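Peer 1: Just need the whole structure built from these sequences, with the hints factored in.
Now for the letters of each chain:
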Amino acid sequence: MSAAHPPIHSLDPIGPGHRVTLGETLPLKLDCGLDLGPFQIAYTTYGKLNADRSNAVLVCHALTGDQHVANMNPITGKPGWWVTMVGPGKVIDTDRFFVICSNVLGGCMGSSGPKEIDPSTGKPYGLGFPVITIRDMVNAQAMLIDHLGIQQLFCVIGGSMGGMQVLQWAASYPERVFAAVPIACAAKHSAQNIAFHEVGRQAIYADPEWSKGGYFDLNTIPRAGLAVARMAAHITYLSEAALHRKFGRNLQNRERITYGFETEFQVESYLLHQGSTFVERFDANSYLYITRAMDYFDLASQAGGVLANVFQGSKTRFCGVSFTSDWLFPTSENKDIVRALNAAAANVSFVEINTDKGHDAFLLDEPEMFSTLQGFIDGCAEQRGLNGSRA
Amino acid sequence: MNTQSKALVPAKGHRDIRRDLLLIAEMVAPKTRLLDVGCGDGALLEYLASEKDVDGRGIEIRQAGVNACVARGLSVIQGDADNDLPDYPDAAFDYVVLSLTLQATHNPRKVLHEMLRIGHRAIVSFPNFAYWRVRMQLLLSGKMPMTAALDDPWYQTQNIHLCTIADFDDLCAKDGFVVEQRIAVDGHGKRLTNAPANWFGAQAVYLLRRR
Numbered sequence: 001m002s003a004a005h006p007p008i009h010s011l012d013p014i015g016p017g018h019r020v021t022l023g024e025t026l027p028l029k030l031d032c033g034l035d036l037g038p039f040q041i042a043y044t045t046y047g048k049l050n051a052d053r054s055n056a057v058l059v060c061h062a063l064t065g066d067q068h069v070a071n072m073n074p075i076t077g078k079p080g081w082w083v084t085m086v087g088p089g090k091v092i093d094t095d096r097f098f099v100i101c102s103n104v105l106g107g108c109m110g111s112s113g114p115k116e117i118d119p120s121t122g123k124p125y126g127l128g129f130p131v132i133t134i135r136d137m138v139n140a141q142a143m144l145i146d147h148l149g150i151q152q153l154f155c156v157i158g159g160s161m162g163g164m165q166v167l168q169w170a171a172s173y174p175e176r177v178f179a180a181v182p183i184a185c186a187a188k189h190s191a192q193n194i195a196f197h198e199v200g201r202q203a204i205y206a207d208p209e210w211s212k213g214g215y216f217d218l219n220t221i222p223r224a225g226l227a228v229a230r231m232a233a234h235i236t237y238l239s240e241a242a243l244h245r246k247f248g249r250n251l252q253n254r255e256r257i258t259y260g261f262e263t264e265f266q267v268e269s270y271l272l273h274q275g276s277t278f279v280e281r282f283d284a285n286s287y288l289y290i291t292r293a294m295d296y297f298d299l300a301s302q303a304g305g306v307l308a309n310v311f312q313g314s315k316t317r318f319c320g321v322s323f324t325s326d327w328l329f330p331t332s333e334n335k336d337i338v339r340a341l342n343a344a345a346a347n348v349s350f351v352e353i354n355t356d357k358g359h360d361a362f363l364l365d366e367p368e369m370f371s372t373l374q375g376f377i378d379g380c381a382e383q384r385g386l387n388g389s390r391a
Numbered sequence: 001m002n003t004q005s006k007a008l009v010p011a012k013g014h015r016d017i018r019r020d021l022l023l024i025a026e027m028v029a030p031k032t033r034l035l036d037v038g039c040g041d042g043a044l045l046e047y048l049a050s051e052k053d054v055d056g057r058g059i060e061i062r063q064a065g066v067n068a069c070v071a072r073g074l075s076v077i078q079g080d081a082d083n084d085l086p087d088y089p090d091a092a093f094d095y096v097v098l099s100l101t102l103q104a105t106h107n108p109r110k111v112l113h114e115m116l117r118i119g120h121r122a123i124v125s126f127p128n129f130a131y132w133r134v135r136m137q138l139l140l141s142g143k144m145p146m147t148a149a150l151d152d153p154w155y156q157t158q159n160i161h162l163c164t165i166a167d168f169d170d171l172c173a174k175d176g177f178v179v180e181q182r183i184a185v186d187g188h189g190k191r192l193t194n195a196p197a198n199w200f201g202a203q204a205v206y207l208l209r210r211r
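Line by line, the protein sequences are chains P and L.
At position 203 of the first sequence the residue is numbered 203 (my numbering), and the sequence of numbers has no breaks.
At position 152 of the second sequence the residue is numbered 152 (my numbering), and the sequence of numbers has no breaks.
Please keep in mind that the hints were generated in silico from the structure rather than gathered at the bench.
A few of these clues could be false.
Claimed, not checked - Below, computed lysine to any residue pairings styled on SDA-like, alpha-carbon distance capped at 25 Å:
1) P:315 / L:90
2) L:31 / P:345
3) P:29 / P:300
4) L:190 / L:27
5) P:315 / L:43
6) P:315 / L:33
7) P:246 / P:262
8) L:52 / P:384
9) P:90 / P:145
10) L:52 / P:246
11) P:123 / P:30
12) P:315 / L:190
13) P:315 / L:72
Unchecked claim - Derived DEER-like restraints, expressed as beta-carbon distance ranges:
14) L:181 / P:88: 46 to 56 Å
15) L:192 / P:51: 56 to 66 Å
16) L:153 / P:265: 17 to 27 Å
17) P:241 / L:109: 31 to 41 Å
18) L:181 / P:313: 25 to 35 Å
19) L:173 / P:336: 36 to 46 Å
20) P:327 / L:140: 47 to 57 Å
21) L:141 / P:313: 54 to 64 Å
Fair warning: this is a prediction, and the values are worked out from it, not measured in the lab.
The beta-carbon is built from N, C-alpha and C at its ideal position, and this holds for glycine as well.
Peer 2: Structure below.
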């Protein structure tokens, strides 16, 4: 942390893991037409790569996730974001697989993004960072996988935006993905989802502290704007039933309503907490870039508008998962992927999990999801000849 | 549609595959593509993959069934015959199998047409409502028959479109399905040879194709 960036921007410690510089000789060609390079990718690994390098699993994180999938988060001090799925003896068993999780391009946990220093100016990129796409993120990950000397990933897995990356991996690098697990996602971002993202972005733009993305120079953070963006988004990650179960119309620290505008209901207090903790760990400009990348995602547009053509001839084994109460990426959109895979005669399994926990269910303790995916991973490991190396 | 569990007699010595599933397996040519609708725990798909090198896919309504299939390394999606067949492109499979499930679909006629749209051939099995034990129970007791193949009382059965072998033959003739093969089995799962199928067949298996 240099003197030019005082402690108010406390996102710098990337914590355990590694950071690699890529694209030094050959830059990354971005969808927007620009070249990016050199650039950095921050990542963590767990477990051991086997002798024939066939047991690597790439975990792709969602919009506000990071590379700390199964270790304590260095900023929040909380457990990794997917310890329910990844770890010793878990579905993605770190005693069995070499697990890789990288911070996406455009992120704010050590990979190149608007918060990082632009080598050409010596100052943070801010809005000078090129606009990136899900495919750019995946191409950057592929360069990381090259760097690690891995030809084929045993599995690429992720939920939400992580699921979009899984689909892009299977589309761009079919021969490098033995098994793909896209969870609670879609092959394109819907108009409704773009609309919610735009509300979040407008909240950030409306915060004077944002200063057209130049807040680093002014030693401020658009806390209010980013918090509102997070609050609006967080509602979409839950479900009406889950909110009702958790909070109902319960009042916050009071016996009766007070006819005022203080925090009256528990659900308000909960959302305020979500917003205020989020700004401590996430960069507002990063939020703009990554939401934009999701909005641009439309896999079929990469194959003349026919999604099935994206997967034509694919030998990858797919297992999709959706959740009954997920209204952000509903079952119908997950099934569009399954339909396209069927039309392409791909190997596809799919299960819809019954839960009232909404979109965020993929991060939570969902025994049915674990048992389906355990079966899928075991079956694929058998076909890949990995079961002999089981610990 | 958890009707696959209502097979009459389990086969012995054939990798634990049920005898009615074995009849279906016999109709399938090696190295073909097959969709098993209502595939249960994937026993038929696994048998066909190992014994006949068949490239199989499945649809199953119960999550436990999907889990069991996926754990066997089979490609199975959660869904059902009424809702999920329209998602498949034309002529995607050599065979589409519907085993002891037709009578539990909402629109069996549409399901049959869908099967023959997405498959070159359809293999369909169903319990025969004109089986002599069924006829006798209704005649003598005046109550809805219950047999090994029809083992739920009327108020909780999923079988909403029961038919007889003669009924099914009529529909095939009417809608232009060519019956390439028909096998009827008795209450012990033994193949009928000379006995009249619509009297002595407890179940029937049809191999159909489009005209």
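Peer 1: Next, verify each hint and record whether it holds.
Peer 2: Checked hints:
In summary, the hint linking residue 315 of chain P to residue 90 of chain L is supported, as the alpha carbons are separated by about 21 Å, within the 25 Å threshold. Straight-line distance between C-alpha atoms of residue 31 of chain L and residue 345 of chain P comes to about 15 Å, which keeps the hinted pair within the 25 Å bound. Of the supplied pair hints, the one linking residue 29 of chain P and residue 300 of chain P holds, its CA atoms being roughly 20 Å apart against a limit of 25 Å. For the hint linking residue 190 of chain L to residue 27 of chain L, the alpha-carbon distance of about 16 Å falls within 25 Å, and the restraint holds.
For the hint linking residue 315 of chain P to residue 43 of chain L, the alpha-carbon distance of about 23 Å falls within 25 Å, and the restraint holds. Using a Cα cut-off of 25 Å, the hinted pair residue 315 of chain P and residue 33 of chain L holds, with the two alpha carbons roughly 15 Å apart. Proximity of residue 246 of chain P to residue 262 of chain P is assessed by CA-CA distance (about 20 Å); at most 25 Å being required, the pair is judged to hold. Simply put, residue 52 of chain L and residue 384 of chain P have alpha-carbon atoms about 21 Å apart, close enough for the 25 Å limit, and the pair holds.
A threshold of 25 Å between alpha carbons decides the hint, and for residue 90 of chain P with residue 145 of chain P the separation of about 23 Å falls inside it, so the pair holds. Annotation: proposed proximity of residue 52 of chain L to residue 246 of chain P is violated, straight-line Cα distance about 53 Å (limit 25 Å). As the CA atoms of residue 123 of chain P and residue 30 of chain P are separated by approximately 22 Å, the hinted pair is consistent with the 25 Å bound. Restraint check for residue 315 of chain P and residue 190 of chain L: not satisfied, since their Cα atoms lie roughly 41 Å apart, outside the 25 Å limit.
Note on residue 315 of chain P and residue 72 of chain L: the hinted pairing holds, with a Cα-Cα distance of about 18 Å set against a maximum of 25 Å. In this structure the hint that residue 181 of chain L and residue 88 of chain P lie 46 to 56 Å apart at CB holds, the actual value being about 53 Å. Between residue 192 of chain L and residue 51 of chain P the beta carbons are some 58 Å apart, a value that agrees with the proposed interval 56 to 66 Å. Between residue 153 of chain L and residue 265 of chain P the CB atoms are about 49 Å apart, so this pair departs from the stated range of 17 to 27 Å.
For the pair residue 241 of chain P and residue 109 of chain L, the supplied restraint of 31 to 41 Å holds, since their beta-carbon distance comes to about 38 Å. One distance hint, 25 to 35 Å for the beta-carbon pair residue 181 of chain L and residue 313 of chain P, holds here, with the actual separation near 34 Å. Distance hint for residue 173 of chain L and residue 336 of chain P: a CB-CB separation of about 38 Å, consistent with the stated range 36 to 46 Å. For the hinted restraint 47 to 57 Å between residue 327 of chain P and residue 140 of chain L, the CB-CB distance of approximately 55 Å keeps it satisfied.
A hinted range of 54 to 64 Å holds for the C-beta pair residue 141 of chain L and residue 313 of chain P, which are about 59 Å apart.
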